Amino acid sequence: MTVAAHTDDGVPGAAFRDALGAFATGVTVVTTTWEQESHGMTVSAFTSLSLEPPLVIVCLASRSRGCHLIARSGVFAVNVLAAGQANLSARFANRDRPRGSDAFSGVETAPGATGCPVLRGAAAHVDCAVQELHAGGDHTIVIGSVLAAGLRPQAAPLLYHRSSYRRLGRPEAAGPTYQDRVARLSEVTPPVGGRRPTSGAA
Numbered sequence: 014m015t016v017a018a019h020t021d022d023g024v025p026g027a028a029f030r031d032a033l034g035a036f037a038t039g040v041t042v043v044t045t046t047w048e049q050e051s052h053g054m055t056v057s058a059f060t061s062l063s064l065e066p067p068l069v070i071v072c073l074a075s076r077s078r079g080c081h082l083i084a085r086s087g088v089f090a091v092n093v094l095a096a097g098q099a100n101l102s103a104r105f106a107n108r109d110r111p112r113g114s115d116a117f118s119g120v121e122t123a124p125g126a127t128g129c130p131v132l133r134g135a136a137a138h139v140d141c142a143v144q145e146l147h148a149g150g151d152h153t154i155v156i157g158s159v160l161a162a163g164l165r166p167q168a169a170p171l172l173y174h175r176s177s178y179r180r181l182g183r184p185e186a187a188g189p190t191y192q193d194r195v196a197r198l199s200e201v202t203p204p205v206g207g208r209r210p211t212s213g214a215a
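Numbering (the working numbering), first residue to last: 14 to 215.
Please keep in mind that the hints were generated in silico from the structure rather than gathered at the bench.
You can trust all of the hints, since none of them are fake.
Quick list of the computed label-pair ranges, beta carbon to beta carbon:
#1 G113 - L181: 31 to 39 Å
#2 R85 - L181: 31 to 39 Å
#3 G113 - H174: 28 to 36 Å
#4 H174 - E48: 36 to 44 Å
#5 G128 - A27: 33 to 41 Å
It should be emphasised that the depicted structure is a prediction, and the values quoted were computed from it without experimental measurement.
Glycine included, C-beta positions come from ideal geometry on N, C-alpha and C.
Construct all of the structure, not just a fragment, from the sequences and the given hints.
Next up, the structure:
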């Protein structure tokens with residue numbers, strides 16, 4: 014294992030990014046609408062927070078236009094990209110993309126429950142109202158209350174790992190459960206004080 018040098022200020026940024034790159038994530042496009050302007054941005058820092066009530070978290074660069082617009086509008090939608098939508102991830106990650114609604118030119122969308130654009134073909138989406146905003150280093154942690162959700166059950170997700178887009182491979186076979194292991198152990202362990210009868214014994 015490669016161990017990165019560290020200083021009193023912590024691990025160097027490049028080493029930190031490389032280490033986190035080993036963690037495979039899904040890819041989302043977070044959208045919002047404010048005063049007739051729609052905005053979308055690629056976000057991998059997305060996770061669920063609570064089931065009751067349904068809450069999610071997205072982490073956005075504090076200086077980004079998307080973060081500014083979400084703070085003003087109070088609503089956002091998280092579109093979980095499907096395999097085959099890497100082009101949308103690259104599009105909404107491009108800092109030179111057109112601003113406003115022009116960024117969605119040629120992209121099929123439908124308004125979600127909050128009016129935020131929902132991308133057609135996405136594996137899933139959640140439509141949210143901002144519940145809380147918290148500062149976290151150079152990012153803002155946005156907690157969203159989920160108002161609506163949609164799912165395409167047969168859609169495989171787009172994945173991102175070590176700076177490359179990936180797709181799901183074959184599911185790994187699940188290992189035996191604790192109950193399975195206990196059952197197997199009881200089959201091969203002779204009872205205390207006696208011998209297990211051999212095959213064919215009366």
